[in-house]
Amino acid sequence: MIEELLQSSPSWANFGIFFLLGAVLLLIVLGFVTYGILAERKVMGYMQLRHGPNQVGGKWGLLQTVADVLKLLLKEDIIPKAADKPLFIIAPVIAFAPSFMVLATMPFTDQFQFADIGVGLLYYIAVSGLTTFGMLLGGWASNNKYALLGGMRASAQMISYEIPLVMSVLGVILLSGSLNLNEIVAAQKNGWFILLQPIGFIVFFIASIAELNRTPFDLPESENELVAGYHVEYSGFRWAFFMLAEYVYLFAMSALITVIFLGGWLAPIGFLSFIPGAVWFSLKFSVVVFVYIWLRSTFPRFRVDKLMEFGWKVLLPIALGNIFLTALIKSLFF
Amino acid sequence: MIRTEEMILNVGPQHPSTHGVFRLVVKIDGEIIVEATPVIGYLHRGTEKIAENLQYTQIIPYTDRMDYLSSMTNNYVLCHAVETMMGIEVPERADFLRVIAMELNRIASHLVAWGTYILDLGATSPFIYAFRDREMIINMLNELTGARLTFNYMRVGGVKWDAPEGWIEKVRDFVPYMRGQLAGFHDLVSGNEIFLDRVKGVGKYTKEEAIQYSLSGPNLRSTGVKWDLRKDEPYSIYDRFDFDVPTSEDGDCLARYHLRLAEIAESLKILEQAVEQFPAEGAILAKVPKIIKAPKGEAFVRIESPRGEIGCYIASDGKKEPYRLKFRRPSFYNLQILPKLLKGENIANMIAILGAVDIVLGEVDG
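Chains A and B, in that order, are what the protein sequence lines are.
Residues -19 to 314 (my numbering) make up the first sequence, in order.
Residues 413 to 778 (my numbering) make up the second sequence, in order.
There may be inaccurate statements among the hints.
Claimed, not checked - Below, computed lysine to any residue pairings styled on SDA-like, alpha-carbon distance capped at 25 angstroms:
hint	chain 1	residue 1	chain 2	residue 2
1	A	K286	B	T536
2	A	K51	A	G25
3	A	K61	B	V437
4	A	K286	B	T416
5	A	K125	A	I74
6	B	K752	B	I623
7	A	K293	B	H670
8	A	K125	B	D441
9	A	K61	B	E418
10	B	K699	B	D729
11	A	K293	B	N604
12	A	K286	B	E447
13	A	K55	A	I17
14	B	K681	B	F655
15	A	K286	B	H670
16	A	K293	B	D609
17	A	K22	A	L43
18	A	K39	B	T536
19	A	K286	B	E443
As the list claims (entries may be wrong) - Residues of chain B placed beyond 12 angstroms of chain A at every Cβ, according to the derived structure:
hint	residue
20	P473
21	R477
22	M498
Rather than coming from a laboratory, the hints here were simulated on the basis of the structure.
Note that CB positions come from ideal geometry on N, CA and C, so glycine has one too.
Turn these sequences into a full structure, and let the hints steer you where they fit.
Written out as structure tokens, the structure reads:
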């Protein structure tokens, strides 16, 4: 259906349909964010001998995030006097918008995808890089020293880790011969890329944690050093937008890993394919999200200089070696 | 042409990693610290001055609030000073209760130091594991004294309360449990590459520097100086127990981290022996006059608190209040080396170094 719409001439009706579809995706994503945050708090809670939210919305705390968002909506909107007002206002939007844009090319199942563009993977990486601007601008516009340091760290980290991220995924592209996410999934019919590209997967996964600014790479907002980093001056819903961006990226990155390394909506074994692809996708996706949460509650934080060293001196050479190895294997055996 | 500028960053008194209301004014060039100036006094309550108008027994609750993570040793140092002046002999059972309480408190204090240190480095879970075990100790001490932190347990000549029934057995059971937990702590954190990256070789100083800056406790022992007052100037009944004084030669944050965990193990050894030898009968308070009057003169005693040497100086003119009271507060002295250590480090190391010093602001500010 979407294919037809994309081919048809532009009209108001088409625009309306696209807008509605976007709203549907936004609702799905917001639903994920709501319960993703709850899951994170619950899982971390149990890992840390606590119960997590258990008051609002029954004993599972099902409405906790909703209550939190309502509270954030009702909070006073504070803009510091010394802040650069227009930049301060637009920074959270710049940080959030790309996180939602990247979802457009994500093939959740073989039917449910918004834009099946030829360079889906490239699109994801390119657009997700834009969020750094939002963080840097937010840190700069706040006119706060902690925020500035956080913004600087964010941009340095994002640039350093985007390179191994891209390099590690090149092996997958070599094997599948395409940048199109659908074709990458189709290429995994006989074996997931996590098995064919184990080195690439590890590098990609580590770099992706850094991209998501999660522990152990949460330096831009490291609470114990920079108080809250780039969003230290933000409160209320502007702050919520930064958080939203973070969790939508968690959604997007987990989806991306599922698609390019875990075989997307494909069943792991052929005879299980009677179970719908959406189920497989969400199962794999949930496992990835769980691993992210697990890592968060386990590791301490990297140090800034070690982080850079690790990115440039360890991850990048490994990723480059992986490309070489993959190319060699492909030209010799395929 | 790139122009760089140094900027002044105010860390604290409301920063999450300053362990209280400590303030640090750092001049930074990018993230590198050029100069660091500690500012203290946000928690100053004038304990020593207030004490000049209080009777000796009334001062004890004030000592609870100095190093609030280790109130027992503070209680003890004051009582010990007065007892020394008056020549009071403490009953054996009271001495045992004091040692058990102090060692339990030392473990609790080191657990807080361990948990918050890892928390400072960015890991959230170990903190909670440490506090779970600390909670067990706090509950035991609560049973003994009726308070969780500010115990007000010791009196001149003994202790206020006897151990309730079954309490000693609880301590006995706690020792093997805590040994298991300790092994778990090592498994969880001590070998973590990220953790080692952050603390190995960070905040290094030599033996000479440590002595020049008058450091004590794990901060001193991390440079290889084997100096523990429980061994070197035994007070109370510490000479009856067999335990080691762990030291390290490295002098960095990792050494201090390991020493604190090793000291927990040593304290457990002492607890084990103390519980074994605990006298079944006996008084818990020596025969002391109703109104305690230290004789004219002065006295200085020092003991080993979890943070280092805590000393108490009393000058008395024979009245029921001291003429002058002075505490040597180890956190305050340990903090002196900080500006020197921080020069040339980055912000992340600043947190690691400050955390490894293990200060308690109630003690720094007095």
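Each hint, compared with the structure:
1. A:K286 with B:T536: Distance of about 20 angstroms is within 25 angstroms: holds.
2. A:K51 with A:G25: 22 angstroms, holds
3. A:K61 with B:V437: OK: A:K61 and B:V437 at ~23 angstroms, within 25 angstroms.
4. A:K286 with B:T416: 23 angstroms, holds
5. A:K125 with A:I74: At roughly 21 angstroms apart (the allowed maximum being 25 angstroms), A:I74 and A:K125 satisfy the hint.
6. B:K752 with B:I623: Holds, because 14 angstroms separates the two Cα atoms, which is no more than 25 angstroms.
7. A:K293 with B:H670: 30 angstroms, violated
8. A:K125 with B:D441: 12 angstroms, holds
9. A:K61 with B:E418: Roughly 23 angstroms separates the two Cα atoms, so the pair holds.
10. B:K699 with B:D729: The hint holds at about 22 angstroms.
11. A:K293 with B:N604: 20 angstroms, holds
12. A:K286 with B:E447: Between A:K286 and B:E447 the Cα gap is close to 23 angstroms, so the pair holds against 25 angstroms.
13. A:K55 with A:I17: 20 angstroms, holds
14. B:K681 with B:F655: Roughly 7 angstroms separates the two Cα atoms, so the pair holds.
15. A:K286 with B:H670: 22 angstroms, holds
16. A:K293 with B:D609: 15 angstroms, holds
17. A:K22 with A:L43: 13 angstroms, holds
18. A:K39 with B:T536: 24 angstroms, holds
19. A:K286 with B:E443: 14 angstroms, holds
20. P473: 33 angstroms, holds
21. R477: 26 angstroms, holds
22. M498: Check passes; 47 angstroms lies beyond 12 angstroms.
Hint compliance for this structure: hint 7 alone is broken.
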